[in-house]
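J.: Based on the provided sequences and hints, a complete structural model is requested.
Heads up: the protein sequence lines correspond to chains A and B, in order.
So the first sequence is numbered by the numbering used here: it starts at 108 and just counts up by one.
So the second sequence is numbered by the numbering used here: it starts at 41 and just counts up by one.
Simulated from the structure, these hints should not be mistaken for laboratory data.
These figures come from a predicted structure and were not determined experimentally.
A few of these clues could be false.
Here are a few chain A residues that face chain B, going by a calculated C-beta distance under 10 Å [as the list claims (entries may be wrong)]: (1) M225; (2) A241; (3) V248; (4) R253.
Here are the simulated distance ranges between beta carbons [said to hold, decoys possible]: (5) A/K403 with B/P182: 58 to 64 Å; (6) B/A193 with A/T285: 37 to 43 Å; (7) B/S174 with A/D374: 39 to 45 Å; (8) B/S174 with A/K403: 48 to 54 Å; (9) B/V120 with A/G162: 44 to 50 Å; (10) A/E353 with B/P128: 56 to 62 Å; (11) A/E353 with B/A176: 33 to 39 Å; (12) A/H365 with B/R204: 55 to 61 Å; (13) A/V432 with B/P128: 40 to 46 Å; (14) B/A193 with A/K164: 38 to 44 Å; (15) B/T200 with A/F159: 44 to 50 Å; (16) A/T339 with B/P182: 49 to 55 Å.
The following residues of chain B were derived to be distant from chain A, with all beta-carbon distances above 12 Å [to be verified]: (17) R73; (18) D80; (19) V110; (20) G112; (21) P115; (22) V120; (23) T121; (24) D127; (25) P128; (26) Q163; (27) P179; (28) Q183; (29) D186; (30) E196; (31) L203.
Idealized CB from N, CA, C, for every residue including glycine.
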Amino acid sequence: MTHQLKDGGQVLNVGMLARVEGEGGMHIEIKDRQVVDVKLNIFEPPRFYEGFLRGRKYTEPPDITARICGICPVAYQSASTEAMETICGITTTPEIQLMRRLLYCGEWIESHALHIFMLHAPDFLGYESVLEMAKDHPDVVNMALRLKKAGNDLMELVGGRAIHPVNVKVGGFYRMPTVSELEALRPALEQGVEDSFAAVQLVAGFDFPEMEQDYTYVSLRHPDWYPLERGTEVVASDGVRFPVAEIPQRIEEFHVQHSHALHARFDGGTYFVGPLARYSNNFDQLSPRCQEAALKAGLGETCRNPFKSIIVRTVELAYAFEEAVRIIDQWRDGHAPSVPTAPRAGEGVGASEAPRGTIWHRYRIDADGVIQDAQIVPPTSQNQASIEADLRLAAQQWVDLDDHMLTHRCEEAIRNYDPCISCATHFLDLRVKRTTSAEQP
Amino acid sequence: MTATTPRRPDVILIGLGQPDRGDDAVGPAIVARVRARHGDHLTVVTREDPTALVQVWDGHRAAVVADAVVSGAPPGAVSVTRAGAADPPLPTHAFTASGRGGSHAFGVAGAVELARVLGTLPQVVVIVGVEAASFAHGPMSPQVEDAIDDAVATVEAELTAALRLAPTTDTHAEVEPCA
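T.: In structure tokens:
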């Protein structure tokens with residue numbers, strides 16, 4: 108909707124941004140064909156999870172923080188368990204780590220499949236929503252539903268529930284799935300491998316706007332595999348690398364007036380977490396088949412075009428299916444579901460790679476295991492500044508488009524992030540205001 | 041699935057909602073009550089994610105969905121919405137575009153209409169809704185708790201009608217545990 112302002116400018120108002128999780132607001136102001144202001148307004152009241160956690164036992168964050176998000180609860184559980192285990196000096200078994208990785212594969216599969224096909228693909232195929240897309244591409248949508256169901260089933264088996272899993276605890280799991288239970292999922296997962304590799308080729312054929320950003324890519328890294336449930340260090344595309352424990356010293360949260368969610372800067376500057384960063388910082392850790400598929404899809408070993416995040420996400424989808432099958436292949440019954448735990452006073456950090464990027468938790472607990480302080484930093488919060496940077500670049504690059512097309516292009520730029528705004532917000536109200544010098548009061 | 045998949049002419053009861061999220065728990069609570077009384081004759085499932093509907097009711101001739109709804113009615117009000125293949129389309133835009141309809145902006149109306157396009161929508165779909173007061177973490181509100189008896193009776197009446205429509209020789213017992 109376009110409104111004429113008294114000063115002669117224009118406001119384009121998209122009352123709600125479709126196909127994102129949650130609600131927020133976006134204001135873009137253009138003067139003399141120059142973008143002069145971009146704000147991502149997050150106006151949902153704070154949810155106080157960090158406050159709720161104070162005074163609770165060190166064993167409770169995996170269950171409490173999993174309720175923050177219905178799409179990425181495993182990310183919260185993994186970061187919180189790692190933080191608590193680090194503080195308390197708890198060493199889990201390789202099998203527990205393997206099962207955590209399998210659970211994380213389930214989350215990536217369901218989240219990526221939903222976003223790639225149901226929320227993001229309509230942008231590239233020219234549909235308002237997946238409903239319209241399904242009329243012309245029923246096979247793609249059926250495949251998407253199949254893939255998502257495979258992820259949900261994996262989450263349900265390993266996590267105890269498809270949404271807000273309940274089987275995770277500090278020290279491991281309450282119950283390990285059996286070989287026979289896991290084998291029952293194998294056909295759908297093996298089909299998922301093939302479907303998702305075919306999907307890489309499908310999305311590679313989309314038409315991508317030319318746009319590149321140069322902000323610092325930050326992600327976890329692990330010496331042995333592509334980062335999901337944990338990493339041994341944080342790496343940045345500018346060559347900086349440091350242990351997970353040092354994240355709070357390198358990433359600074361700060362408040363901006365137009366958002367209820369804290370912004371963040373890395374070493375003082377704008378940075379990006381998410382599939383593009385993960386991929387670009389860890390291309391060598393992808394499987395050979397994923398690497399080959401990515402290169403065949405036209406990606407380099409790094410990707411700087413936010414619109415091509417759909418290809419990267421699909422490569423990661425294929426990787427998650429591959430990993431799930433690999434883990435099931437080597438799983439044997441009889442492993443202890445958890446190791447003993449006991450509290451120890453201290454402070455520590457845990458981090459994992461949520462579908463949308465690095466999430467990290469910091470806790471301080473006393474000798475009785477009571478939480479004294481908690482800090483939870485999800486990826487969409489960290490990416491607010493880079494979302495604004497993308498919006499600024501996109502609005503400037505396509506400033507001559509009519510208001511409808513410019514607004515749509517800006518919405519696409521936001522959806523590139525698969526933002527999980529509900530971790531901090533609701534509704535996205537997109538406004539573009541155009542003025543000229545002559546029209547200023 | 042595609043339209044060529046053999047269809048099982050039976051009836052499925054689906055409780056939709058998240059048990060931790062206040063009144064969103066009412067769907068699973070209703071079907072738990074019905075399962076205890078009629079589980080031998082029905083497929084009874086619970087799901088938390090609306091997108092699961094598109095597949096879970098595929099192949100069934102009739103589906104009854106129990107869910108919490110927000111329509112502006114007083115909390116606890118029980119409503120019935122018919123959304124089967126022969127019924128008019130639901131207004132999906134508000135559900136699919138607002139982000140309020142379910143995880144990642146995909147709600148029940150979106151699931152119904154997507155199933156209609158993909159050919160998985162049962163001939164009979166009845167959504168038995170209970171007007172919610174709150175979806176905050178915690179227990180159900182008293183008004184919604186008090187409405188469960190009425191909702192169960194409504195679900196049973198709809199199931200009775202649906203079972204008469206579906207060939208009884210093909211009904212089977214298949215009770216899944218709550219998610």
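J.: To test your reading of the hints: which numbers does this structure violate?
T.: none
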